[in-house]
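> So the protein lines, in turn, are chains A and B.
530 is the number that full-length UniProt numbering gives to position 530 of the first sequence; each next residue is one higher, with no gaps.
79 is the number that full-length UniProt numbering gives to position 79 of the second sequence; each next residue is one higher, with no gaps.
For the record, the hints were derived by calculation from the structure and aren't laboratory data.
Errors might be hidden in some of the hints.
Taking lysine-lysine and the DSS-like style, the derived pairs with C-alpha atoms no more than 27 Å apart in a straight line are [to be verified]: (1) A:252 - B:455; (2) A:521 - B:252; (3) B:65 - A:238.
Chain B stretches covered by chain A per the calculated footprint, using a threshold of three residues with CB under 8 Å from any CB of chain A [stated by the list, open to error]: (4) 183-196; (5) 289-299.
Glycine is no exception: its CB is placed at the ideal position from the N, C-alpha and C atoms.
There are 2 protein chains.
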Amino acid sequence: MKKIFTSLFVCTALFANAQRSTEKLVQYVKPIVGTERMGHTFPGATVPFGMVQLSPETDTASYEKDGKYNPKVYEYCAGYQYEDKTIVGFSHTHFNGTGHSDLGDFLIMPTVGPLKLNPGTVDKPHSGYRSPFSHANEVAEANYYKVKLDEHNITAEMTTTTRVGFHQYTFPKSDNAHIILDLMAGIYNYPGKNVWTYMRVIDDTHVVGYRLTNGWARSRALYFAIEFSKPFTGHGYKNFSAKSPYGGFWGKFNNVKNFPEIAGKDLRAYFNFNTEEGEKIEIKFAISPVSMAGAQANLAAEAKTWDFEKVKKDGQDQWEKELDKITITGIKDTKENFYTAMYHTMINPTVYMDTDGQYKGLDQNIHTAKGFTNYTTFSLWDTYRALHPLFNIIDPDRNKDMIKSMLAHYDQSPEHMLPVWSNSGNENWCMSGYHSVTVIADAVIKGNDDFDTKKALEACVTTARNRDYQGIGYYMDLGYIPDEKDGNSVSSTLEYAFDDWCIAQMAKKLGNDAIYQEFSKRALNYRNVYNPKSGFMHPKTADGKFRKKFDPFTTIGQGFIEGNAWNYTLHVPQDPADLIKLMGPKRFNVYMDSLFSYNLPDKYFAETEDITKDGIIGNYVHGNEPSHHIAYLWNWTDKPWKTQEKIRMILPRMYKATPDGLGGNDDTGQMSAWYIFSSIGFYPVAPGSEQYAIGSPAVDGATVQVGGNKTFKITVNNQGPKNVYVQKMLLNGKPLTTPFLNHKDLMKGGELTFFMSAKHN
Amino acid sequence: MKKIFTSLFVCTALFANAQRSTEKLVQYVKPIVGTERMGHTFPGATVPFGMVQLSPETDTASYEKDGKYNPKVYEYCAGYQYEDKTIVGFSHTHFNGTGHSDLGDFLIMPTVGPLKLNPGTVDKPHSGYRSPFSHANEVAEANYYKVKLDEHNITAEMTTTTRVGFHQYTFPKSDNAHIILDLMAGIYNYPGKNVWTYMRVIDDTHVVGYRLTNGWARSRALYFAIEFSKPFTGHGYKNFSAKSPYGGFWGKFNNVKNFPEIAGKDLRAYFNFNTEEGEKIEIKFAISPVSMAGAQANLAAEAKTWDFEKVKKDGQDQWEKELDKITITGIKDTKENFYTAMYHTMINPTVYMDTDGQYKGLDQNIHTAKGFTNYTTFSLWDTYRALHPLFNIIDPDRNKDMIKSMLAHYDQSPEHMLPVWSNSGNENWCMSGYHSVTVIADAVIKGNDDFDTKKALEACVTTARNRDYQGIGYYMDLGYIPDEKDGNSVSSTLEYAFDDWCIAQMAKKLGNDAIYQEFSKRALNYRNVYNPKSGFMHPKTADGKFRKKFDPFTTIGQGFIEGNAWNYTLHVPQDPADLIKLMGPKRFNVYMDSLFSYNLPDKYFAETEDITKDGIIGNYVHGNEPSHHIAYLWNWTDKPWKTQEKIRMILPRMYKATPDGLGGNDDTGQMSAWYIFSSIGFYPVAPGSEQYAIGSPAVDGATVQVGGNKTFKITVNNQGPKNVYVQKMLLNGKPLTTPFLNHKDLMKGGELTFFMSAKHN
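Construct all of the structure, not just a fragment, from the sequences and the given hints.
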């Protein structure tokens, strides 16, 4: 029996390998996954880590309504909601899966018939330029998006290069066709968000411009250069906000029609065409964070061709190359989940520089990236956990460039801090902690350290010693942040302690003992907020007393951010053993079990953020990141099989290859990175260490390109929905007896063989 | 008698020459001239053509009040009105004598006592940071301004380099001293003018920032870099307008106090100090049109020293060198008038580039001036008449750089036009005509043509053929602009015709006969608006009929801009002889006499712009430019003595060395250039020709440095308030028998001797 089984396995494996060389992995990418409800992904076109994400917007909800926060805006973090019935246009910049937003720059909409310069409303779509559409007429692939705009009988297609969006619109016959450029549109818009916009028509096929916005990025200028495939017959604009009282002198011209330049706070422009039936009008739309000249140069460098299919193919080939870094064997559904997750881990961070290396820095000056590619869109509270560790395995060079980008950010930062949430040459200070240090320490510890490590350590230490930043001063003085001083006093204390441990590890490796000692001490600060009486990490006041009023199920007002005490109490990834000691092994086991089984009343769910109810299992909140290491903690007990069981419970419940397939925000790929690690069998519980915790692989096999030039093969015997328990493991043929894998062993290349079973050991 | 007189003259001349080498001319410069009422000059510090004009503001009147134009703002075109009792602060950019305005960037105010971040009002000066002052405690010299701020017991002194303002504040003893940086303040302010401001505190002595304004310059960004001589003990800011709803994340910091960066629409910042009695705090304040890094580089390049006196002296030495280009003999009062006029001709245009040659162009891109200094602030409707012709004599190289700047402007212009009113990388389209072509043609005709003349001609022709610009299409089709198509139909037709004549002369000299023919024909278009029945240049409708309702005294609504038909009818500088023929010599003579003697009722004066009533003589409006050549037109009749008489009538009435000494706006030096030419005896009636019309010199002698290396001496015998008539003239000892001087004769160097008399020939 065993022999037959083994032969069967070998056949499968061979077949799987054979498959690799012939089938395109890009076919399994479903950008539509996560576009319904809470995933906050976008369905449009982008190349890996591209500066352009060209994607449809289905609504233009404002951040403010009647002067108050409009909760509806939250649904439109990526501009698109699957259940919507209309499209307002296609804009060039989108975040992948964030829980707060910005961007949506330079919305293009093709129309026919009488010119309408308002988007219209959902209730009255015909009142504006928006158009109904149907998912039946929609195609979303990696670097390709297509949709039929029913209102205008126009087929819209789009693809991209790193810095250029390619639009291809197939028009009906019309002597009244338009392409609208809405410079007012934006994601998370509000009445003052557009600070200034400018547009200059160079000739009847070339237009340049820029806009400055005051959004999540406080001062963000983005420049553009457009080339049309066909000359427009006329153009014009409308200014939707008050004009300067000085404007009169411009009246020498008809300066709203066929005039070469416009400027104002709230502008919409249009370009007119006559079209034949089935005529294609194409647009190359380049962006630049530096200047209009930069956008023109980007266009010239990346968009020489008018061959839409070639651009699409080039981008899909780039995706294929990236996806190929981990190949798996499994059923179609698993592959769709897996390669879509791979896709989602390679959208953010984004390239942030012109083709000549210039970019606008944190200091609002223009800098040139020398010897590295500059990146932005670092949502580090999310991505330090698994996304950057994943890059350290499959794309270490890129991760190094990201670290160099963080160090440049630090150099330019007015606050002398590493990025917290780097957003297009701005810092938006979103979430908590200083997790850049973890990303840097993880790279140093893992030997992916071909950057100035001395300076990197200095940047980490300076950041961690900034007494002005969210309670660090108190934390340094008292060993914790007092409850009355900060709303996130406990979660920040826990996060700082972990980040400090990372700094200590890095300092140790770099031979700086003083820093190692200082930060090793700080790394123990989690102990200061553990209340042995309540059995939770617990808000503590400056007088050293734990707060009396305390509810460990509640998310808001209890000293934590995006998580309740139940989830956050387990946030000691640097030393789960000490945590278990602190809680007592017995209580720890009960605690872990009840976390996943507790039937959390609805009133508590209402307070969690960024997730659907599907994102919760019991009281375990997978849709938010603080939980991401939790299921692996049983590896520090004598019951690692519980980890295996829970991982296989979480994977299918939280990830589906459907529009509503993500139970929470993808959070610039962190949710997807969790999926990738967990489905191939291990997870970096503590970035900054070399250790991965073994889980339960959900694939039949995987080949991981490690470090760019070696292969680590994961063979999974007897895996199946019920066979979730690891019976035994062989690392390069030798038994692996602890549920941990070392980074060095992974990066050397080799083979890890899992033997699965329906029963735990 | 004659012999004695001659000897006396020789002695005077010798004495005058002797004086030149010893006395400083800069002592005669009175920047305070023109600061009362209509001159619109500023009293503060600047070097010749400097980018910085550091000067006090006495009020902050808004362009709009309750949503309507506030006429009071007009008085504050240069920020300072002599009759005001308070100073609100010192800002770094000012126009000289314009009739519309902008600028007033980066207002600095030192204070002691409780911090006040509002300027306060004129009625309640103590309610804000403004301070009463007295002229008794005020000193205004070329490149030096000093005033005592009574409210704060602070002596403020300022001087400049081309791109850096130096402030020196002498404080009383205080533990509560402040230096306020008001980023909201501005000249011709209105609620939406500040588009965006940003400030970054590098350390306790260095601050950088920028602001983007939407004013007369539609999109103008100006960057700054500050260095304090003493560390501030703290700093902060207040945001006076609505903040972004995204701002919450910044709450991790105390981001209004001692925080390193701020951004918003309406900000005021402060820096705190403790001061000893008599302690001086100095500030170097550099500006850049390019970037904060550019401002820092400008500061480093120009402001190495903290020696205030040295900077002051260096700037005054620059002035001395410029003033020395024309030295006169005369009484102190004449010298004050003359050298103040010289000073006022050398403030605008202004240098507009960083020390490395970079500047922001009309296309909103960054450019580098290669091989020339780039200038802006071209108020060409004013300055084509006499200011640029003056530069062609005493500063031809600079004029050539100004022309190169105009050609760069043309290259960058979205409308493909030469400048009309070039304002800091923007075109504000103020006034009428396309008078860049006159400046260029004048230089070409006068041989000051070391630039790309072929390209220059192309730029002139392209500009003059822009059918979209203020009636040019009609003008080209019909030979005039129809009254119903444009409010300035007649004056624009006259101005275009003159400009076209200039293009024709230039084309002829450059050997382009086709252009010469085309524009020679256009140059006659003035004939099309002369109505022999009314005897005036007269609005004409498209059907070829002259308008019936017509009032030649009225300025508004009659087809003219800043002048009535009476003054504008004489606007044929290219061919006064033909004008006289058109009008009939007899009527012309009567017309000229009555122009100066007509007692214009007050109701008509109310409609003229930019002048006090003193700016009018009869119906002759010297305070506005269209009249500037008129008094010289008698030279084309047999009564040139009337020109001599009128020039000597105009000079003392329109120019006094007192705060209220200018009867109209100085108009970036055109009023002063008229004074300089007229007081040394001749005037360029038609720039674009080599001919100067002789008037009546009001000085006892003058030495003009011509072309940079030669001397043209003007000797005036028997000149005096009554001896205003030219009896005879000798050019290099030979009789000059016509009342005209040729440019070539001037530029060769030599001597023109006037013999004056109380009786006309």
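> Against this structure, judge whether each hint is valid.
Hints and how they fare:
1. Pair hint residue 252 of chain A plus residue 455 of chain B holds up; C-alpha atoms about 26 Å apart against a cutoff of 27 Å.
2. A C-alpha spacing of about 24 Å is found between residue 521 of chain A and residue 252 of chain B, which places the hinted pair at or below 27 Å, so the restraint holds.
3. With a CA separation close to 26 Å, the supplied pair residue 65 of chain B and residue 238 of chain A stays within the 27 Å bound.
4. Figure legend: the segment 183-196 of chain B, annotated as covered by chain A; annotation consistent (6 residues with Cβ-Cβ distances under 8 Å, at least 3 required).
5. Interface restraint, the segment 289-299 of chain B with chain A: holds (3 residues with C-beta to C-beta distance below 8 Å; minimum three).
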